[in-house]
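Participant: Use the sequences and the hints to build the structure in full.
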Amino acid sequence: MSVKYVPVQWNKNKWIYDWVMLLGVAVFLYVFLYASPGILSHERPINPQVHNARAFGACAFVMLTVILCIGPLARLDKRFLPLLYNRRHFGVMTTFVAITHASYIIDWYFAFASSDKYEALLFANTSYGQLSGFPFEVFGIFALSVLIILAVTSHDFWMKFLTAPVWKRIHYLIYPAYLSVVAHVSLGILQDQQAHAFTVIFISGATAVGVLHLLAAIHERRQDKAITAQPATWIDVCDVSDMTEGFARIKLLPDGKRVAVFLMDGQLSAISNACAHQNGPLGEGRIIACLVTCPWHGFQYNVRNGQSPAPFTEKVPTYNLRMQGTSVQVDPNANPPGTPVDPVPSPLHPQTEGAT
Amino acid sequence: MSSNNKPFFVGYLSAPGPLRRFLLAICVLFIVGFAALGLTLGVAQDDPGPGAFRFDYGRQTVTGVIELTPYPLVRVTIGNDRIKPGTTLMLAGQGKSSVDKRAIPLEGQLAKVSGVVLQRGDLNMLQLRGGRNGISAVEGAASKQTREPLGRWKLAGEICDGKCLAGAMRPGRGLAHKACANLCLLGGVPPVFVSTQEVDGSEFLLITGPDGDALPKSAYDYVAQFITVEGDVERRGDLLVFRMDPDTLEVLE
Ligand code: HEM
Ligand code: FES
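Protein chains in written order, with our numbering: chain A, -17 to 338; chain B, 373 to 625.
Keep in mind that the hints are not guaranteed to be accurate.
Simulated coverage check for chain A against chain B, where a stretch passes if three residues somewhere in it have a Cβ under 8 angstroms from a Cβ of chain B [stated by the list, open to error]:
#, segment
1, 28 to 39
2, 173 to 179
3, 195 to 204
4, 214 to 223
Label pairs and their in silico Cβ distance ranges [as the list claims (entries may be wrong)]:
#, chain 1, residue 1, chain 2, residue 2, range
5, A, Ser85, B, Arg524, 43 to 49 angstroms
6, A, Ser85, B, Leu440, 36 to 42 angstroms
7, B, Pro390, A, Tyr100, 26 to 32 angstroms
8, A, Ser85, B, Glu520, 30 to 36 angstroms
9, A, Ala93, B, Lys473, 17 to 23 angstroms
10, B, Glu520, A, Tyr100, 44 to 50 angstroms
11, B, Leu440, A, Val193, 57 to 63 angstroms
12, A, Glu227, B, Pro388, 16 to 22 angstroms
13, B, Glu511, A, Asp98, 40 to 46 angstroms
14, A, Ile81, B, Val510, 48 to 54 angstroms
15, B, Val510, A, Arg26, 32 to 38 angstroms
16, A, Pro30, B, Asp453, 28 to 34 angstroms
17, A, Tyr100, B, Lys473, 33 to 39 angstroms
Everything labelled a hint here was simulated from the structure, so no lab data went into it.
Positions of the beta carbon are idealized from the N, C-alpha and C atoms, including for glycine.
Facilitator: Put into C-alpha cells, the structure is as follows:
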C-alpha cells in the first residue's frame, strides 16, 4: 500500500528475497563462466563475448521459466505465495540479465561492420521464408522489448496511472514474450549445437511452465464450479455454521465477479474478492488486527466499508448481506467501492467487542 | 477458504515458523538448482574449432602476386619463417571489410602485404594493415599462377565467411552465427565452403559465383545451413576455388 511513491518500499522479506535471487543468478553465471571452462577440453576457448552472451541468455531463460512457474505453483499450493510477493524484483533482474545478453551479442556479431550495429541486427539476415536459418534474433528483440516495457511499468505508480485492469493486460504480454524466447532458442542455438544438455533443460523448463499453468487452470475451474451461483435476487453463500472467525467464504456471482464474505467479531460483512492492488484474492486472506489482509502483497481493508485504513486510499466494492435462518445470503449487486455497510450478526457466533 | 492452522504469509511481517522452514528449503533449492544448471549448461558448449588470429606470430610482411577470384588473394613468392613461398593467403580488411579498393588495381602484380595472420588448418588469411602499409606494389616480374581444373563436384557442407571461420570469431560458423556471417559477406569478406568430405586433400574451398564472380545474393539465404551444391573446382596453388551453380543448391536436414 502506498501513500507516496518511493522507488521500492523495502522490508526484511524483500531483502531476503532479493539476496537469494541475486545469489542464485551470481552462482549460475560464475559457474557457467569461470568454473566450467576448465572442464571443457577445447583446443581454443570460445570468445569471451559469445561465452558471456550465452551465459546471460541461458540465465535469463532459466529466470523467466522460474518466474512463470511461481504463479501456478502459488495457485496450487498456498505455501508458494511468498515467492509471488516480490516477484517483480525477479522480473526486473531478468530484464537486466537479458539486456546484458543482447548487448554482448550486438557488440560482437553485429559490430565491426561499416553499418550501424542496430540496423545490422535488422538487415543482416532476412531469410524469413525458411525455418532453418530463420533470423531468430527477431524473437529475442520482441521478448526483450516486452521485458523492458514490463520492467519500466512494474512500479505501483504505473499500475495506479494505467489502472489495474490495463496494467494487468499489459503484463500478460509476458506470455507472448516467453513463447517468443522459446522460438528464439528453438530456431537459434538448438539448430546449431551438437551438445544436447541445453535442449533437455530447455524442453523441461518450457514444459514445466505449460503443465503447471494447465494444472492451475484445471484446479481453478474445479474450485469455481463449487462456488458458482445461479442468478437470483439474493444468493446463498453458505451456512453460517461453515464460517470461521477471521476468515471468509468466496462466492462466484452470476456476473463473473467474486464476493468474499468475512466473519469478524461474530458479525458478517462482504467485500469484493478482488484486491485493488493486483486483483489478489482477498477471500483467501485473513483478518489481521481487524483488517482484511490480502494474501499476495498484504494490502489491508476495513471489512465493514471496503476502505484501506488511513493514510492509504485503496477501496474495494462492498456487498449487502442478510440471514435467512442459518443461511448467509448476498445481494449480487455491488455497492460502489468504499461504501459502508452495516454488518449482519451471526446467530451462531458470539458477538465480541467492536460489535455494534 | 483458508483455515486457522495454515500459516499465512504477510510480506511485511516475519513468516510463521513452519512456512519459514519451507521457504528456507526453497531458497536452498533455488541456489543449488541455479548452480547445477550453470554447470550443466557451461560444460555443454560445443568446441568452436581451432581457428585463431595468430597474434603470437606478430605482424607478418610478405611479398607475392595479387590475384582476384574475384576475392583478392596473395600467392606468396617471397615468404618468411612462418609463411612459406607458395602459400595462398586470402585477404581481408579490418572488421567486416574487404580490401577490394586497394587490391583490385594491383591484380596480377607483385605486391608487399602486411598484417596479422588468421589460421584454421590449411586455411590462411591475412588481415591487412591500413592504407599503403597494408598493401603496396613492388618492382619485379609476377609469375602467372597455374590453374588446375579438378572437374565438376557435388559437395555437401556449409557456406561460411572466410574471416570468422579462419578464426576472427570462435565460434565462427553455424546457424547461430549466420547473421554475422552475412554481414561479413556483405562487407566483401571472401566466402569459404566447408565441405564434409575432403576435396583433393582439403575441406575448405573458396566459393564464388558460377562465372567466377562474387557469391550470388541468392546464396545468402543458405549461408550457415547444411546444403549440397554442384560446381567446378579448380586448384590455384594450395587453395581450391569452387564455382558454385546456384540452381543446384539444396538444403539438407
Ligand atoms: C535484442 C535481443 C536479442 C538478440 C539480438 C539475441 C541474439 C541471440 C543470438 C545471436 C544467440 C546465439 C548466440 C550463440 O550461441 O552464438 C542467442 C542465444 C540465446 N538467447 Fe538471445 N537474443 C536476444 C534476446 C534474448 C532474450 C530476451 C532472451 C531470454 C530471456 C534470450 C535467450 C537466449 C538463450 C537462452 C540463448 C541460448 C544461449 C546458449 O547457447 O546457451 N535472448 N541470442
Ligand atoms: S496486495 Fe497485491 S494484490 Fe492484494
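Participant: Let me make sure I understand: some of the numbered hints might not hold for this structure. Which ones are they, in numerical order?
Facilitator: 3, 4, 7, 8, 17
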